[in-house]
Amino acid sequence: MLKDNLTQALASLNLEKVAEGDYAKTGYHLEVAAQPAQMPDVAQAMLAAGCFLESFTAVDLRETFDLVYHFASFDELCRTAVHVPLGKKKGMPTISHIYPGADWYEREVFDLFGIHFFNHPNLKRLLLPEDADFHPLLKDFGASQGND
Amino acid sequence: MIELLGIEEKTYTLNLGPQHPSTHGVLRVVLEMDGEFIIKAEPVIGYGHRGHEHMAENRNYTQFLPNLARVDYLHALAYNQCYCMAVEKLLDLKVPERAEFIRVITCELNRITSHLLWFGAYLMDLGAFTPFLYCFDDREHVLDLLDRVTGSRLTYCYFRFGGVPTDIDDDFVAGCRAFVSRLRSRWDDYHNLVTKNVIFIHRTRDVGIITRDQCVKYGITGPNLRGSGIPYDIRKSEPYSAYPLFDFEIPIGSNGDIYDRYVVRLAEMEQSLRIIEQACNQLPDGPIMAEKVPKRIKPPVGEVYQAVETARGEFGMYIVSQGDVKPYRIKLRTPSFANMSFFPEMAQDNLVADLVANLGSIDVVIPEIDR
Amino acid sequence: METKTGEPLIHLGVLEEALNLARANSLWPLTFGLACCAIEMMAAGASRFDLDRFGAGVFRPSPRQCDLMIVAGTISIKMAPAVVRLYEQMPAPKWVMAMGNCAISGGPFYYPTQYAIVPGADLIIPVDVYVPGCPPRPEGLIEGILLLEEKITKRGRLRKFRDAKG
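Residue numbers (the working numbering), protein chains in the order written: chain A, 1 to 148; chain B, 1001 to 1371; chain C, 2001 to 2166.
Worth flagging that the hints you see were computed from the coordinates, not collected in a lab.
Be a bit skeptical, because a hint or two may be false.
Partial list, derived from the structure: chain C residues whose beta carbon lies under 7 Å from chain B [unchecked claim]: (1) T2031; (2) F2032; (3) L2034; (4) T2074; (5) M2079; (6) A2080; (7) A2082; (8) F2109; (9) P2132; (10) P2135.
We put the CB at the ideal spot given by N, CA and C, even for glycine.
Take the sequences, apply the hints, and build the full model.
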């Protein structure tokens, strides 16, 4: 079972949390919490188990960031969500040398949130013009004045 | 000889786009070339960035519904479906069976229009103008059907949280059946015109091969993945809605080249016809909206990830709710973003003439990449 | 004949009317689909709606060979300089059609804290015809082309029949 293999592989990494997710409510089979420095090892373990990087994004929780990685597998249904808390003004190691697909995801997070990734081969803005000077998905960018 | 003449050899930078007939939207590719060979291809995206994820934080859940159709306008109903299912998961709403069937029928009809458009546009890129007219004709039949029940031709906003707002009638079901038999009678035309065409085979066989390792490393999904022989389709591996009730296959290729991806997409259209046929035959009676849909959509605190299989691959929505009427964060995991990130590696060390063939074969929609 | 570039130096009389008739009945659009409206533009040029019967079916990819730019889709801030450059590359006489709500005024993407789009093509280039819709039906696009023909020739194609629809 992929879930058991992953739980075993991740157990040796001394992570904060490796728990079973509530699939019916959240869509995850495995929920993992890791520290920023541990992320490359987590990614290596996921790649060794044959998982692909489904998605990567960040959430601005006002005091900190929460980086969320989703991994899934082509062979067996097992979705893993990895939450990495990151302080504001802190950087994050890249995983683009393990998953080349993460290259663009990390550029997008840099573009929209301003989070810096160490050792990224090409950390430029992806979606906004290169000379833009703001990060639009930060919560203090333009007050939420939607029509309600 | 060249050294004797004292000619200096340099690489040549060519800019493709953002306005170009073959880039399928506003995509710019900066090519560094050595003669006809591409040394480096760097896509520059963002020309279609409209800020969907920022809009999501400034809109309540219901107001964000029309946005989904504009993310990928070619298979808009699948995106609608994913969003509705994600919010229904957060709200713990059960969709009635008839509504699930209607969702599946309309979604599969939409998948067929998306693949037909890909077929026509891709062959136009390769230089064949006739298939474009054939498939747009077929497409119009489906658009008429969907227009009657949804009200739109392209950017559908037909699903609601808890079901669908308007019911389908017998005319629609008869129209679906008529379309199924019509399209089946057209396969011979398509195969004779394109699949057996010598120029097409030469341009697509053994070109643009994607390996399984690359699929895992880049997160490639959809017909691009299935063309390489991996039978991963979310409708089968993570079944949702009414799909478990239907009998259909997942076509896969063997080589991973453009020809295989083309064959997979055509075969997928046939499988969609099978699903529509079965759904029309088994359509149950009943309500089309869930019983207790709250007037104000205010999901409890939590997060959800929902994935669906669209014409391009896996579309996932990650919604973080903090108990407000507006989502706290919505992340749209679009298939074209992951598929396109593989493009630089795909284009490298190939001829520039194959570049357009490769780009079209991965079937990208630029607003989906840029969101 | 009017373009936004100003009054012509020489008035050619009846010849001008004939030239305008020729220009109106063979508009060559630029393939400039930015977003969703591009698909309806393609559908208008395809077999069912057939723009070619109005003479406007020859979509050219190069702006140097066109006289009509159909801005079909949302103009993002990153794309805006390219739009202006393409407009400037078109030789006069040239016309612009803003197709779809996004090109007219930003459409569904316009809201107070929008940071990414230009809310309307007429903020950066002069627009001659506006075709509303999200996306407009191909029949709407054809009506836009017919209105443009009217603008160019000062007379409508089959105007008395169209006006008599009541």
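Status of the hints after comparison with the structure:
{"no.": "1", "hint": "T2031", "result": "holds, 5 Å"}
{"no.": "2", "hint": "F2032", "result": "holds, 6 Å"}
{"no.": "3", "hint": "L2034", "result": "holds, 6 Å"}
{"no.": "4", "hint": "T2074", "result": "holds, 5 Å"}
{"no.": "5", "hint": "M2079", "result": "holds, 4 Å"}
{"no.": "6", "hint": "A2080", "result": "violated, 10 Å"}
{"no.": "7", "hint": "A2082", "result": "holds, 6 Å"}
{"no.": "8", "hint": "F2109", "result": "holds, 5 Å"}
{"no.": "9", "hint": "P2132", "result": "violated, 14 Å"}
{"no.": "10", "hint": "P2135", "result": "holds, 5 Å"}
Checked against the numbered hints above, the structure breaks hints 6, 9 and satisfies the rest.
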